[in-house]
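Read top to bottom, the protein sequences are chains A and B.
Under my numbering, the first residue of the first sequence is numbered 253, with each subsequent residue one higher.
Under my numbering, the first residue of the second sequence is numbered 253, with each subsequent residue one higher.
Keep in mind that the hints are not guaranteed to be accurate.
No copy labels: a pair is met if it fits in one copy or bridges any two.
[Unchecked claim] Taking lysine to any residue pairs in the SDA-like style, the calculated list, with each CA pair at most 20 Å apart, reads:
#1 LYS340 / ILE380
#2 LYS312 / TRP453
#3 LYS312 / ASP375
#4 LYS288 / ASP450
#5 LYS311 / ALA442
#6 LYS287 / SER329
#7 LYS452 / ARG472
#8 LYS312 / GLU467
#9 LYS287 / GLY320
#10 LYS312 / ARG341
#11 LYS312 / GLU400
#12 LYS311 / ARG343
#13 LYS312 / GLN322
#14 LYS452 / VAL372
#15 LYS340 / ARG324
#16 LYS288 / LYS311
#17 LYS452 / ASN368
#18 LYS311 / ASP290
#19 LYS340 / ALA441
#20 LYS340 / ARG408
#21 LYS340 / HIS470
#22 LYS452 / ARG435
#23 LYS311 / ARG270
Calculated from the structure, these hints are not laboratory results.
None of the values given here were measured: they were computed from a predicted structure.
There are 2 protein chains.
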Amino acid sequence: MATPPRVYLEADLSEGARVDLSEDQSHYLTQVLRKKADDPVRLFNGRSGEYGASIVEVKKRHTTLLCGAQLRPQSASPDIHLLFAPLKRQRTDMIVEKATELGAAHIQPVFTARTNSDHVRTDRLRAIAVEAAEQTERLDVPVIEEPEPLQSRLFRWPESRRIIFADESGDDDSRAWGGDPGRAPPVAAALQPFTSQDVKWAILIGPEGGFTPEERMHLRGLLHVTPISLGPRILRAETAALAALTIWQSILGDWRT
Amino acid sequence: MATPPRVYLEADLSEGARVDLSEDQSHYLTQVLRKKADDPVRLFNGRSGEYGASIVEVKKRHTTLLCGAQLRPQSASPDIHLLFAPLKRQRTDMIVEKATELGAAHIQPVFTARTNSDHVRTDRLRAIAVEAAEQTERLDVPVIEEPEPLQSRLFRWPESRRIIFADESGDDDSRAWGGDPGRAPPVAAALQPFTSQDVKWAILIGPEGGFTPEERMHLRGLLHVTPISLGPRILRAETAALAALTIWQSILGDWRT
């Protein structure tokens with residue numbers, strides 16, 4: 253309950269180092285959390301593990317901390333990427349917050365044919381990821397990549413990274429289009445064969461309206477794509493993202509031990 | 253994309269029946285979705301499957317529909333209950349919306365020692381569950397139970413229903429309390445032994461501050477409780493609820509086929 257607050261910063265950390273907080277972080281720590289000189293804090297920068305620290309000076313616009321001992325060494329996060337079609341702001345924010353809690357390493361918005369949102373504020377998403385990482389006790393912050401059209405992202409895709417493609421759309425429109433590829437297998441069954449293989453992964457989630465038949469056919473035609481289904485109910489896009497990440501962590505990620 | 257909107261109502265449904273929508277539903281259908289006479293709609297009541305219908309009359313405050321053929325017969329939802337400690341409003345709403353998408357049959361707020369919210373508007377949560385059920389193509393709506401203290405809920409618990417207890421709190425305070433029960437096993441490993449058994453289940457999620465050491469010891473002492481862990485990161489309560497439901501559906505529920 254009363255564990256010291258965690259702060260992410262970019263500065264180097266080592267025992268005895270003095271570090272300054274940004275104005276925003278300083279405001280949060282001293283005005284919102286009402287911390288003052290001598291109060292303990294924990295620091296991490298994504299490279300050096302977690303350090304204990306204490307507040308040595310509080311001024312109007314900045315706070316200085318003194319690093320104490322390292323509390324935890326840096327450890328690698330699971331190498332799982334998330335590609336998602338941006339949604340309305342609140343739901344996009346939810347994806348980034350929850351994907352950070354669920355341990356995504358990279359998060360990238362991708363524009364698909366039916367994506368309604370064409371503007372993504374990655375600075376805002378980065379701030380959300382930092383805050384979620386601080387709360388969730390992660391030692392790193394996921395990389396928020398700049399948005400990109402799905403097509404160009406797939407064109408420059410490294411084939412050594414497999415894509416879990418949440419094939420949520422009903423099959424109706426593909427059938428009408430003349431090429432119904434059938435229902436994708438349940439996610440657990442689709443991932444099970446890979447438990448003993450050293451494969452890198454990404455999860456791809458479409459927009460509310462689903463992928464177009466053309467997009468689905470294209471994805472299904474790629475050898476490094478694993479189509480999955482997430483049960484008989486239609487999930488909203490953000491729910492599909494969290495469910496797929498959860499099951500990936502449980503079967504292939506760091507929830508196994 | 254252009255599938256007719258779904259409306260949940262309590263009226264009996266049968267081919268040729270005429271049904272009236274409530275004022276709210278009528279407003280939503282005719283003002284928000286801008287549907288008019290002859291437009292197709294789908295109806296479900298949680299008992300009779302799903303029916304096609306068309307709008308026959310639109311008046312200022314009500315809309316009358318004519319039931320056509322049954323489109324899907326009623327099918328049972330997985331028998332999974334969710335007990336959660338109420339959070340701030342937005343996060344409680346998220347739990348109910350997402351648990352509905354993820355197929356929870358019963359949802360009940362329970363007050364634990366560290367629950368900060370003591371007021372839950374179940375009418376509001378019911379409306380959220382109905383809207384989520386309509387969107388997610390479910391044929392039923394989860395039952396939203398009135399809130400109750402965890403202790404009294406456990407006292408009258410039917411032992412034939414096992415409880416998955418997301419033991420998210422760090423073990424530090426239990427150790428201080430003198431009785432560290434050790435880390436709970438990963439959720440997938442904990443549930444796997446039950447795949448061939450016919451057991452009823454509930455998922456129990458604590459508040460942001462976790463369960464108290466006393467609550468944890470009490471729960472761990474019950475034979476019908478299965479403690480689980482949800483990975484090495486600390487999840488927010490609503491994330492833990494969705495993750496536990498997801499993995500339950502994948503291992504024991506209707507995501508298996």
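Consistency of the hints with the structure:
1. LYS340 / ILE380: both (15 Å within a copy, 18 Å between copies)
2. LYS312 / TRP453: neither (45 Å within a copy, 54 Å between copies)
3. LYS312 / ASP375: The answer is neither: 25 Å in one copy and 46 Å across copies each exceed 20 Å.
4. LYS288 / ASP450: neither (47 Å within a copy, 56 Å between copies)
5. LYS311 / ALA442: neither (55 Å within a copy, 51 Å between copies)
6. LYS287 / SER329: neither (30 Å within a copy, 49 Å between copies)
7. LYS452 / ARG472: within (18 Å within a copy, 37 Å between copies)
8. LYS312 / GLU467: For LYS312 and GLU467, neither the intra-copy (53 Å) nor the inter-copy (43 Å) Cα distance is at most 20 Å.
9. LYS287 / GLY320: within (17 Å within a copy, 65 Å between copies)
10. LYS312 / ARG341: Cα proximity of LYS312 and ARG341: none, with 33 Å in one copy and 34 Å across.
11. LYS312 / GLU400: Neither. Shortest intra-copy (40 Å) and inter-copy (46 Å) distances fail the 20 Å Cα cut-off.
12. LYS311 / ARG343: neither (37 Å within a copy, 35 Å between copies)
13. LYS312 / GLN322: Neither way: LYS312 and GLN322 sit 28 Å apart in one copy and 68 Å across, limit 20 Å.
14. LYS452 / VAL372: neither (26 Å within a copy, 43 Å between copies)
15. LYS340 / ARG324: Neither. Shortest intra-copy (37 Å) and inter-copy (32 Å) distances fail the 20 Å Cα cut-off.
16. LYS288 / LYS311: within (10 Å within a copy, 63 Å between copies)
17. LYS452 / ASN368: neither (30 Å within a copy, 41 Å between copies)
18. LYS311 / ASP290: For LYS311 and ASP290, only the intra-copy Cα distance (14 Å) is at most 20 Å; the inter-copy one is 68 Å.
19. LYS340 / ALA441: neither (32 Å within a copy, 36 Å between copies)
20. LYS340 / ARG408: Result: close neither inside a copy nor across copies, 27 Å intra and 43 Å inter.
21. LYS340 / HIS470: Neither: 26 Å inside a copy, 43 Å across copies.
22. LYS452 / ARG435: This pair counts as neither: shortest intra-copy Cα distance 24 Å, inter-copy 28 Å.
23. LYS311 / ARG270: within (15 Å within a copy, 71 Å between copies)
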